[in-house]
Structures are given as C-alpha cells and as structure tokens.
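Chemist: Spelled out from the first residue to the last, the chains are:
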Amino acid sequence: MLVQTDPTPSAPLQADAAPVLALAGVTKAFPGVKALSDVSLELYPGCVTALVGENGAGKSTVVKILTGIYQPDGGHIRVDGQDIRFGTAQAAADAGVTAIHQETVLFDELSVAENIFLGHAPRGRFGLIDTAAMVRQARDILDSIGAQVDPTLPLKELGIANKHMVAIARALSIDARVVIMDEPTAALSHKEIQELYALVETLKAQGKAILFISHKFDEIFRIADRYTVFRDGQLVGAGAIAETSEAALVKMMVGRDVSQIFPERTAAPGDTVLEVRGYTHPTEFADISFALRRGEILGFYGLGGAGRSEFMQALFGITRPSGGSVHVDGQPVRITSPADAVGHGIVYVPEDRGRQGAIAALPIFQNVSLPSLGRTSRKGFLRLAEEFALARTYAERLDLRAASLDTPVEKLSGGNQQKVVISKWLATRPQVIILDEPTKGIDIGSKAAVHAFMAELAAQGLAVIMVSSEIPEVLGMSDRAIVMREGRMVTELQGDALTPEALVRHAAGIEDRCCCAPCSNPARCC
Amino acid sequence: MLLIGAIALLLAVISTRFPAFVAPSNLAHVFNDTAPLILLAIGQMIVILTKCIDLSVAANLALTGMVVATINVIAPGVPVVVILLVAVALGALLGMFNGVLVWKLGIPPIVVTLGTMTIFRGLVFLLSDGKWVNSHEMSAAFKAFPRTELLGLPVLSWIAIIAVLIFAIVMTRTTLGRACYAAGGNPHAATYAGIDVGRTQFWAFTISGGLAGRTGYLWVSRYAVAYVDIAGGFELDVVAACVIGGVSIMGGIGSVGGALLGALFLGVIKNALPVVNISPFWQLAISGGAIIIAVALNAQASRTKGRIILKDAEHAS
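Taken in order, these protein sequences are the chains called A and B. Under this note's numbering, the first residue of the first sequence carries the number 1, and numbering increases by one thereafter. Under this note's numbering, the first residue of the second sequence carries the number 527, and numbering increases by one thereafter.
By construction, these hints were calculated from the structure, which means they are not laboratory data. Heads up, the beta-carbon is just placed ideally off N, CA and C, and yes, glycines get one too. Please note: incorrect hints may appear among the correct ones.
Stated by the list, open to error - Derived pair list, reagent style DSBU-like, types lysine-lysine, alpha-carbon separation capped at 35 Å: (1) A/Lys216 to A/Lys379; (2) A/Lys156 to A/Lys411; (3) A/Lys156 to A/Lys216; (4) A/Lys379 to A/Lys163; (5) B/Lys657 to B/Lys669; (6) B/Lys630 to A/Lys163; (7) A/Lys379 to B/Lys630; (8) B/Lys630 to A/Lys156; (9) A/Lys411 to A/Lys379.
Stated by the list, open to error - So the derived list for chain A, only partly shown, Cβ under 7 Å to chain B, looks like this: (10) Pro338; (11) Gln356; (12) Gly357; (13) Ala361; (14) Leu362; (15) Leu373.
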C-alpha cells in the first residue's frame, strides 16, 4: 500500500516481514484545513522508521491518529493486515501501540512503579493492586533498559533523563508492539542520547516496530532503517535510509534546496560591553567569569544539567547569585530582578518559550510592548499608539506574519510566536541578548532564519550569548565558546581549538576519548 | 456578545408574562438592585484575572459596613464623605492583608481568603457583640446618601456606573491593568518581562477590598441595617457573575464589561423570577441552571476558538 513517489527510488521492504501497523490513504481535516490528505505509513517489526517533516507537516496529527486521540476522516488503519478502528486511546494501547512524547506525560506525585503501571497494575486478591508485584515488575523492566531508578521513589525526585526512562519503561510494560518516539532526544544531553540509541537497538532486537520522529538528521541516519517524509499533510516520499541522503531528505521536506550552511560573518567585535567576574550560586554554578564584546556571539555549550540556563537566569535577575559581580560598559551593576537586567540592557530569551515566552491570550502588540511599558506609558497610563508603533517596527523587521497586531499570540504558528518573543526583547533596545537554545525543536527552514537573524543582530553591534546543545550550531555560529560542566566553566575555545571533539571532551570531562557521534559529519572529527 | 443577547432574550421572555418588568423605571430599579453585585464583580474580576480568587469580599463588606454603622451611631455628625473614605480605606486595608499573605508568604489565594472570610465575620461579631445596628440608630444623612436621586438615578447606581467606567479605563489603559492580564495569562513570561507578579496580585486584592469596603457602606445604608450575617454567601454570587461574564477562572482572560454583563444577567434573573410567580425553590434551581448554561456556552465558544488555533498551527509553515 505504500505510495512510492519521486524522487525516491522504490525501496525494498524488509522481505521477511509484513507491516505490523499501517495507515493507508488516511485523511484528516479540521475546520478549514486538511491536516492530512491521503497519507500512508507502514511500520515493520524490528525496524526503526523515521518520520520527517517540517513543523506543521502533519507529524503530530499522525501520532494522534495512531494513538487513538484523533479519528481519521477517511482511509484505513491496519494492524497485522486487519482493518481496525482506534476509537479511544485505550483501544490503541490494547492493540499494542504506545507513544513516548516529547514532553513526558507522567505524574509527579506518584511513584515510579505507579507511573509505569498506571491503568494496568498487577492485581492481587479481591482485585486490589498488588504493590509488591508491581514494584518487582517495574524493577525488572527498568533493569532491562539499563535504568538505575528505584521504582518506589516519587517521580518528581527524578531528573529529566530518568523520567524519560520511566516513560519508556511504561511503554514496555504494556507489551507494546509499536513504539512511537516523538522527538525523544530533544531534552536529553549527549550521554543520555547515546543511552537512548542503545535502548532503541534493544527494542529493535526485541522485534518492536518503532516510529521515530526527529528534527535531527544525524540521529535519523544513525538509528533509522526506513524513512517517511511528510510535507503539508501529504506523503512526499518513503524508503530505506541506506538509499537516501541528508540532502535528498531535506529537499523532500521543504520542496526546495536549503543549504545548511551557517551565515557568513565578517564584522570585527567592538568594545567590551559585559563583564562577569566570579559569578557563583549556592547550588547551581560557581566562579563563572568572562567578557563579552559588541558584535560578538559567545556560545555556551554543555550537557543537560551543566548549569548553563541556571547561570543565565541568575545573570538576568530571576535567581540571586551568592557571589561575583557584573559590569556593564565597565560600570559595576547590581541585578536583582529581570526589570534591573532589562534596565541595564541585558535581555534573556528563555528556552521554554511556551511557559516563559509569550502570553498566549494577549494580542501581539501587547506582548511586544510588555517589557518596554515604562517607555510606552506616562504616569502609569498606556499610550496605545506608541505600543502599536513599537510592535509594528519589530514585526516588520522580523517579517512577522499575522492578520493584525491585535491577533492573540495563541493564534500564531510556532515560528511566528517565536518572532513575537524575540521582538519583545529587541524592543527594549538591549545591548546584550541571551538566547537559550534558540533553535530547539524547530524545523530546518526556521533554523536557518534564526541563524541569519542572530548574525544580523551581531552585525548591528549587539552582543549575543547563545546557549546551545547542538554542536554544529555552536561551531557554526559562535566566535568563541565556553564549555560548562557540573556548574563550572571548563574551558573557553576559539579559532582552531573550537572543534567538535574539544566541545564533547570538555563537556563530558573525558580527556582521551574521541567521540563525536552527535556532530553531523563524523568523518570530520574521527 | 452572546451575553447581551441572552439578557435581551431573558427580558423578552419575561415581558410576555409580565410586561411591566421591562418598563424603564423597573429596569432602573433592577440595575440599582444589582449595583452592589456589579461593584464586587469588578473587583473580583481583577483578582481572578491575576490567577487568584477573593472569597472574603462579602465578609469584608459586612465588617466595613458594621464599622461605619458603629461610627455613625457613636458620632452621628461625621459627614458621609468621611464615612465613604473610611469605608474604602478600611476595605482596601483588609484587601491588602489578603494581598500580603498571597504575595509575601505565597499561600494559595483560596486558602488565604477562606481564612480571612471567617476572620472578618468573626471581627463583625466581636465589634457588634452579635447585636444589630438598626435603622432608627442611624442618622438620616447616613441612610439617605445611596437613595439620593441624581438625574433620575439613585447615587448607588451612579457609583456602580462610575466604577465601571473607571475600571474599564484602568484595565485597558494603565500599566497596572496590563500587568494583571500578563500576570494571570502567563506568570512565568510576565516575570521574565520584568513584571512583579506577586505585587500585581497584591494590588488586585487591594482594589477588590476597596470596592468591597465602599459597597459595605452602601449596603448598610441602603438596607438601613447592619448585622453579622449581611451579604452571607454573596461572594459566591460575585464569583458566579464573573464566570458568567466570561472571566476565565484560570486567569488572564476577562473584562470589566464582562463582569458587568454577568452581574446584570444574575440581577435580572433574581429580580424577574419572583414577579413571574415562581416558587422560591425553583428560583434557586433556575438561577443555578442559568449559571451552568452560561458557563457551558462560554466553554463552547472557547472550544471553537481552540479549533481555529489548531487550524492555524496545522496551516503554518
């Protein structure tokens, strides 16, 4: 049933197996828009299929159909060749389909074992939950995936990586035949990603069919066996990974050639604008010192939990440091609140843009003017005309697309929401802009736009701090990069010393190992 | 807006059975009767907007009312202007007490105001010794103020109208109003934008308290009686008026106009049901039913909106 379309050559199927789960000609419309039209997808046992597409291509809709959250308007879902209807999420689970979401959907207050077995806990006498058996089975499953987690701990005491392990254990506990992983590595550090890859191999060996959704091409080529590409709700190609290339996939995704080359930057950095000396926090980081010049992009690389975001939050006045000083234009300044930081020309675009970025229900212009209200108001009264003018200036500069500036931010696409967040910070006329994981979870086209924009900001004399966990981005964008590990600055790299191996080695704290799997071109560093 | 239609429909249905209800003079009476609810609903709307709730408004009203009534009994010569200022100041002070507990100690607002609700009622009891302050003990000027007619409407109505206008401007045209929407719409993002969420909530409680205090005097003087249980349970009507008026209990969404319409909707129902001869039991049931229907319609409206978001999201890039 697989629709083979150009430019992919017909790929041989895993000859020894029939698809365990297949979508055929599935269509799903929402009022006014077709989210999926006539798409097909086949998942084979023991095979990792990568689902690739830009934001809005229909990937999430497919996941929701496969897990019984949406019902398709047309087409078939087949399990072992039999037509089936997933009327509810439970029906999909009963058929052995399970999904591990980007943001894990678990319960903080329940124990690890309870999370794993919620809804299908082992029963003892009188139909009561057999806690001992539940803990025992949970431990078995966790051991089988190599997770060092005590099943009796409450989930909230676990780190993000271990929570992911619990989510995976939960998927395994229902004896899933199909495991859907929706950007599973987005929140993980390098080491955790390696462990996840090993786990995917284990699942493959157990004969499970895996649907792997990712924006990262290096990992797609690392672990996927097959690929399916969606564009604008349509299937544009499918086949074996071995028979395609990164460039071909990108072309299918965007329907045009997109160079993954980072923008060329020539401007020489100017005067020192920000200097941080010995910044220390009681628990999160210690002794961070650096100087930043106008027109410079300074990368901060490290693994998850290295204290990069925590340091940035302290620099922005969200949390208080216990020692150290900040100098802006050579003058010592005290930053005890975000308002102080903005006042000194330092702004922070947080990583979690949904939670910390925009205010969804407020219109675009009100979001843009929010940190600049001091300028657009007189004696506490707002000047709406000035707010509009401010918002219009930055909306045009960032090519923000919306029906009007009165449109609530929640009605915009993810990319445009991000432009609103960036507009609002630029509107404060900052000297230093801190971008925390600026391209996390966005598609390639938008990534290139963000990179170009970052280069433009630097060219205009803004000092940019970029926190990033993507090695190509750190290499491609930064003039210098600081590597942090366990709350400390390990090294500062620039020029020829700024290499993928150096970043990984310092971030992981290993001296003699050459390991550079996360970079997109392993041949370059090994 | 849907709610204006609902109120119009309600009035139309009532007029078929009891035409006199929609006579202008009676409508003015209904408005006047609803004025205290409108005043409290405005304050409550602002508090709910910041992701909080103020259950102490009715108790605040009772305490302030008892204090000003007692002042009037002890010193009948104190002019009404002073009484009004005392009522607003005392109410605002009680509101600030809520606000400080929420802001500085981080106690959930529902817990804080449940506590202060009981404390305020207890204070009324201590102050009055459980006794009533009756009509004959109050001075004539004290009682006359809310009933005095200006341009055909009683002062009570005018105060509600002026409060609606002032707070409509405060909420749409001042930095404080904007901070309320931001703090409730997304507290994290508001913090990052340099807005002190706790302080914004503090001011919201202060406004709510001030309005409750002012209403305390108006209530006591209009009904010419003050006792421990006045406006008992009224806080629930106030919250209901907000919810009917489209104020999101999750914070960040709502308007003064919405709170006004919500209060009027409840006011029309409460005034109309007795005149069309419906038994008291059914009056309660119908009021309750109307609340649920109004909220369900609101939820429905926002669900359609959700689809549009989805459409845009799917449509993007």
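Chemist: A separate judgement is required for each hint: does it hold in the structure or not?
Modeler: Outcome of the hint check:
| no. | hint | result |
| --- | --- | --- |
| 1 | A/Lys216 to A/Lys379 | 50 Å, violated |
| 2 | A/Lys156 to A/Lys411 | 32 Å, holds |
| 3 | A/Lys156 to A/Lys216 | 29 Å, holds |
| 4 | A/Lys379 to A/Lys163 | 49 Å, violated |
| 5 | B/Lys657 to B/Lys669 | 19 Å, holds |
| 6 | B/Lys630 to A/Lys163 | 33 Å, holds |
| 7 | A/Lys379 to B/Lys630 | 26 Å, holds |
| 8 | B/Lys630 to A/Lys156 | 26 Å, holds |
| 9 | A/Lys411 to A/Lys379 | 32 Å, holds |
| 10 | Pro338 | 5 Å, holds |
| 11 | Gln356 | 4 Å, holds |
| 12 | Gly357 | 6 Å, holds |
| 13 | Ala361 | 5 Å, holds |
| 14 | Leu362 | 6 Å, holds |
| 15 | Leu373 | 5 Å, holds |
Figure legend: structure checked against the earlier numbered hints; hints not met, in rising order: 1 and 4.
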